[in-house]
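Asks: These are the residues of each chain, in order.
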Amino acid sequence: MEVGLNHYLALAAILFSLGLFAVVTKKNAVTVLMGVELILNAANINFVAFARFIDTDLDGQIIAVFVIVTAAAAAAVALAIVLNLYERLKSINLDEADSLAG
Amino acid sequence: MDFTNIAFYIFAALTVGSAGVMVFHRNVVYSAVGLLFAFFGVAGIYVLLAADFIAIVQILIYVGGILILLLFGVMLSQKLTKVDVRTESMQLVPAVVVVGGVLAVLLLTISSTPWKLAGSLEYEPTTKAIGRLMMTEYLIPFEIASVLLLAALIGAAYIARKN
Numbered sequence: 001m002e003v004g005l006n007h008y009l010a011l012a013a014i015l016f017s018l019g020l021f022a023v024v025t026k027k028n029a030v031t032v033l034m035g036v037e038l039i040l041n042a043a044n045i046n047f048v049a050f051a052r053f054i055d056t057d058l059d060g061q062i063i064a065v066f067v068i069v070t071a072a073a074a075a076a077v078a079l080a081i082v083l084n085l086y087e088r089l090k091s092i093n094l095d096e097a098d099s100l101a102g
Numbered sequence: 001m002d003f004t005n006i007a008f009y010i011f012a013a014l015t016v017g018s019a020g021v022m023v024f025h026r027n028v029v030y031s032a033v034g035l036l037f038a039f040f041g042v043a044g045i046y047v048l049l050a051a052d053f054i055a056i057v058q059i060l061i062y063v064g065g066i067l068i069l070l071l072f073g074v075m076l077s078q079k080l081t082k083v084d085v086r087t088e089s090m091q092l093v094p095a096v097v098v099v100g101g102v103l104a105v106l107l108l109t110i111s112s113t114p115w116k117l118a119g120s121l122e123y124e125p126t127t128k129a130i131g132r133l134m135m136t137e138y139l140i141p142f143e144i145a146s147v148l149l150l151a152a153l154i155g156a157a158y159i160a161r162k163n
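Here the protein sequences line up with chains Y and H, keeping their order.
Under the numbering used here, residues 1 to 102 are what the first sequence spells out, in order.
Under the numbering used here, residues 1 to 163 are what the second sequence spells out, in order.
Since the hints were derived computationally from the structure, they do not count as laboratory data.
Glycine residues also receive a C-beta, built at the ideal position from the N, C-alpha and C atoms.
Don't take every hint at face value.
[Claimed, not checked] These stretches of chain H come out as covered by chain Y in the derived footprint (C-beta under 8 Å, 3 or more residues):
hint, segment
1, 55-64
2, 98-106
3, 132-144
[As the list claims (entries may be wrong)] Here are some, though not all, of the chain H residues that point toward chain Y, as calculated from beta-carbon distances under 7 Å:
hint, residue
4, Phe-3
5, Asn-5
6, Gly-17
7, Gly-44
8, Ala-50
9, Met-90
10, Trp-115
11, Gly-155
When you get a sec, could you build the whole thing from the sequences and use the hints?
Replies: And the structure:
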């Protein structure tokens, strides 16, 4: 079968689901971040695939570059927060970060 | 089956398999290694989609930058000597139900939508064209992205330092 747009979109959907699964089930904050990165990669595959098969100009690829930049910024800030959390709680288990809960 | 189809299935299998290792392995360091190969697989997918510049950026930034940051996060926040680099999972059954539902809806939508495909599918280098667009049409987003990166790095250094 010829590989077309549907195959790439299906791959991105599977990757998104795996990332979502990691985000909702993992207790470790770093693993949750890894799941977020998987979700961003899935979104990027969608952008690039649509730029290739439907639009055929470079707008989708440029959006993908901006997504990667935003992901880098998000990873840096999120890891700083994780390190701060570890400093305070001596743990990065997200269930223990509940001091705002009543 | 021609070469690009075979290459797609190889890269897709690499990506999904490594992402599966990342999600389902209990050791965080193994998860990071799985994520490494998933990023490489996605870079190969970009090459097949005629996005050579994005593929290189993917390897440079994700593998060379974000993954190293994540590994630093693992190393600095785990007691490696106590072999505590494990991650627990919680609420597996509701998660499987919800994520499976999301995946089913996505796949149904993808397969039932009549996409208006463009005709021509030639491969040509994109780096020069992307550079030109970044400096003309996308100049403002480009500048905002650079300020965002600067602010994020200063903020990250401020948050993470010890008091």
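Asks: Run every hint past the structure and note whether it holds.
Replies: Going through the hints against the structure:
Only residues whose C-beta sits within less than 8 Å of a C-beta in chain Y count toward coverage, and the segment 55-64 of chain H has 4 of them, enough to reach three; the restraint holds. With 6 residues carrying a beta carbon less than 8 Å from a beta carbon of chain Y, the segment 98-106 of chain H meets the three-residue requirement, and the given coverage holds. Interface restraint, the segment 132-144 of chain H with chain Y: holds (4 residues with C-beta to C-beta distance below 8 Å; minimum three). Given the 7 Å rule on beta carbons, the hint for Phe-3(H) is violated: about 11 Å separates it from the nearest Cβ of chain Y.
The restraint placing Asn-5(H) at the interface with chain Y holds, with a minimum CB-CB distance near 5 Å, inside the 7 Å limit. For Gly-17(H), the interface hint is violated, since its Cβ never comes within 7 Å of a Cβ in chain Y; the closest pair sits about 10 Å apart. For the restraint placing Gly-44(H) at the interface with chain Y, the shortest Cβ-Cβ distance is roughly 11 Å, beyond the 7 Å limit, so the hint is violated. Annotation: Ala-50(H) was flagged as interfacial toward chain Y, and the flag holds, the nearest CB pair being 6 Å apart, inside 7 Å.
The criterion of a C-beta within 7 Å of any C-beta in chain Y is met by Met-90(H), whose closest approach is roughly 6 Å, and the hint holds. Evaluation of the Trp-115(H) hint against chain Y yields a held restraint, the C-beta minimum of about 6 Å falling below 7 Å. Taking 7 Å as the C-beta cut-off, the interface hint given for Gly-155(H) holds, the closest approach to chain Y being about 6 Å.
Going down the numbered hints, you'll see the structure goes against 4, 6, 7, while the others check out.
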